[in-house]
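S.K.: Listed below are the residues making up each chain.
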Amino acid sequence: MSTGIAMDQDRKDDDGVVLTEAQRRARRSRSIAIALALGALVVLFYAMTLVKGPGVLVRPM
Amino acid sequence: MSLVSEGAGLRGPLTAGSDVALDEPSLASVGDYIALLKPRVMSLVVFTALTGLAVAPGTLHPLTAFTALLCIAVGAGASGALNMWYDADIDAVMTRTSRRPVPMGRVKPGEALAFGLTLSGFAVATLGLLVNWLAGALLAFTIFFYVVIYTVWLKRATPQNIVIGGAAGAFPPMIGWASVTGSLSLEPILLFLIIFFWTPPHFWALALYRAEDYARAGVPMLPVASGDMTTRRQIMLYTLILVPLGIAPWALGYAGLLYGITSVATGAIMLVLAWQVLRERRPAETACRRLFAFSILYLFLLFAVLLAERGWGGLMARLAA
Numbered sequence: 001m002s003t004g005i006a007m008d009q010d011r012k013d014d015d016g017v018v019l020t021e022a023q024r025r026a027r028r029s030r031s032i033a034i035a036l037a038l039g040a041l042v043v044l045f046y047a048m049t050l051v052k053g054p055g056v057l058v059r060p061m
Numbered sequence: 001m002s003l004v005s006e007g008a009g010l011r012g013p014l015t016a017g018s019d020v021a022l023d024e025p026s027l028a029s030v031g032d033y034i035a036l037l038k039p040r041v042m043s044l045v046v047f048t049a050l051t052g053l054a055v056a057p058g059t060l061h062p063l064t065a066f067t068a069l070l071c072i073a074v075g076a077g078a079s080g081a082l083n084m085w086y087d088a089d090i091d092a093v094m095t096r097t098s099r100r101p102v103p104m105g106r107v108k109p110g111e112a113l114a115f116g117l118t119l120s121g122f123a124v125a126t127l128g129l130l131v132n133w134l135a136g137a138l139l140a141f142t143i144f145f146y147v148v149i150y151t152v153w154l155k156r157a158t159p160q161n162i163v164i165g166g167a168a169g170a171f172p173p174m175i176g177w178a179s180v181t182g183s184l185s186l187e188p189i190l191l192f193l194i195i196f197f198w199t200p201p202h203f204w205a206l207a208l209y210r211a212e213d214y215a216r217a218g219v220p221m222l223p224v225a226s227g228d229m230t231t232r233r234q235i236m237l238y239t240l241i242l243v244p245l246g247i248a249p250w251a252l253g254y255a256g257l258l259y260g261i262t263s264v265a266t267g268a269i270m271l272v273l274a275w276q277v278l279r280e281r282r283p284a285e286t287a288c289r290r291l292f293a294f295s296i297l298y299l300f301l302l303f304a305v306l307l308a309e310r311g312w313g314g315l316m317a318r319l320a321a
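Going down the list, the sequences are from chains A and B.
Position one of the first sequence corresponds to residue 1 (the working numbering), numbered consecutively onward.
Position one of the second sequence corresponds to residue 1 (the working numbering), numbered consecutively onward.
Derived from the structure by calculation, the hints contain no laboratory data.
The structure presented is a predicted model; accordingly, all values stated were derived computationally and were not measured.
A hint or two may mislead.
Rough simulated footprint, nothing fancy, chain A against chain B, three-plus residues with beta-carbon under 8 angstroms [what the hints assert, rightly or not]:
no., stretch
1, 28 to 42
2, 60 to 70
Derived, one-sided and incomplete: chain A residues facing chain B with beta-carbon distance under 7 angstroms [to be verified]:
no., residue
3, Val17
4, Leu19
5, Gln23
6, Ser29
7, Ala33
8, Ala47
9, Met48
10, Val51
11, Pro54
The following label-pair restraints were derived from C-beta to C-beta distances [what the hints assert, rightly or not]:
no., chain 1, residue 1, chain 2, residue 2, range
12, B, Ile261, A, Arg27, 53 to 59 angstroms
13, A, Arg24, B, Leu186, 53 to 59 angstroms
14, B, Gly121, A, Gly55, 22 to 28 angstroms
15, A, Gln23, B, Leu186, 52 to 58 angstroms
16, B, Pro244, A, Ala33, 44 to 50 angstroms
Every residue gets a Cβ at the ideal spot worked out from N, C-alpha and C, and that includes glycine.
Please put together the full structure from these sequences, using the hints given.
M.R.: In structure tokens form, the structure reads like this:
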């Protein structure tokens, strides 16, 4: 293996995994979906806390 | 792309030997993850849970009711994802399931497992914290029953797999009821029994005309393990138990005249179709297909009429309150 090729390989390893455009798009759409789901969960807990009022800690079996 | 070659030796989730490189970045889309939730099964679960929730006595804030249904839906979806994780080897060789995200290689088995476990945890914890812990415990047990008892244990071990495993699909109305009352009584147990005894005729009718598919995947469904005639007799037997159970809510005074007429009329059709299945001989399969299709309508009509008769007024009053 020539020195030049070895250096290219080292640089590639340093960069880590390089995503293709399709992989980048898929990851972005998954990240947005996770963010929306977590945001919805926060809103749900906030709204349910208001609904339950002082009884928020009362959770009958 | 198929991950498993046809034939024997199918044992659980795909791990080593898969032709999907484990370190390759995922191409899974949001749609693939939604497919893992089995949306069609989820819609039936939500519908039966809504019926249980709406017919239950007592009051529940609309947002709490929504939260309960959301958690039940997510819990059901999580069960579906865990089922697809474990059954990817079977799914890959069956025509009906070969295009699911895991056997297609779009979602890796580990990703499906993590997704299912995460959603299960969130669904159970949220239902317990925001609604009540009986409902949360029932949801946890339902997920455990479907994934561990049915998928991991019974499905590959016994022809009675869907008889016992059918309990998992029968729990949602009980969870809906428990979300309102915080307790259980005879009425939700009756709804449980209707779905429980509906499951064998429904799935065995399908299995009769998909027997080769199940045999290729090594799943010991009743037609594969015990033969065609035994399955047809068992379908008749379970339908004979199911129809009186379907009428029981009216007979016991839990439902009105419309439900009584609907359950008697649709029950009679179920019996006629089960009788036709009993009389039919292979390679004919028309009667099996008819019974499979009508059984879906049968269950839908029973719960829809119950919801319209008993639940809708109560649900609207709760929303207006």
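S.K.: Would the hint on A/Val51 be counted as holding, given a Cβ-Cβ threshold of 7 angstroms to chain B?
M.R.: holds, 5 angstroms
S.K.: Please check whether A/Gln23 passes as an interface residue: C-beta within 7 angstroms of a C-beta belonging to chain B.
M.R.: Hint on A/Gln23: holds, closest Cβ of chain B at ~5 angstroms, below 7 angstroms.
S.K.: Between B/Ile261 and A/Arg27, is the Cβ distance one that fits in 53 to 59 angstroms?
M.R.: holds, 55 angstroms
S.K.: Closer than 8 angstroms, Cβ to Cβ, for at least three residues: run that test on the stretch 60 to 70 of chain B against chain A and report holds or violated.
M.R.: Since three or more residues must qualify, the claim that chain A covers the stretch 60 to 70 of chain B holds, with 5 doing so at under 8 angstroms.
S.K.: Does the beta carbon distance between B/Gly121 and A/Gly55 stay inside 22 to 28 angstroms, or does it fall outside?
M.R.: The hint (22 to 28 angstroms, Cβ to Cβ) holds, given that B/Gly121 and A/Gly55 are roughly 25 angstroms apart.
S.K.: Verify the interface restraint on A/Ser29: the C-beta must sit less than 7 angstroms from at least one C-beta of chain B.
M.R.: This hint holds: A/Ser29 lies near chain B, its Cβ roughly 5 angstroms from the closest one there, short of 7 angstroms.
S.K.: Can you verify the interface hint for A/Ala47: is its Cβ closer than 7 angstroms to any Cβ in chain B?
M.R.: holds, 6 angstroms
S.K.: Restraint: A/Ala33 near chain B, CB-CB cut 7 angstroms. Satisfied or not?
M.R.: holds, 5 angstroms
S.K.: Is 44 to 50 angstroms respected by the C-beta to C-beta distance linking B/Pro244 and A/Ala33?
M.R.: holds, 46 angstroms
S.K.: I want to verify a distance hint. Is the separation of the beta carbons of A/Gln23 and B/Leu186 within 52 to 58 angstroms?
M.R.: holds, 54 angstroms
S.K.: Does the nearest C-beta of chain B fall within a distance shorter than 7 angstroms of the C-beta of A/Val17?
M.R.: With a closest approach of 6 angstroms, the A/Val17 hint holds.
S.K.: Let's test the interface hint: is any C-beta of chain B closer than 7 angstroms to that of A/Leu19?
M.R.: holds, 6 angstroms
In summary, the structure is inconsistent with hint 11 from the numbered list given earlier, while agreeing with all the others.
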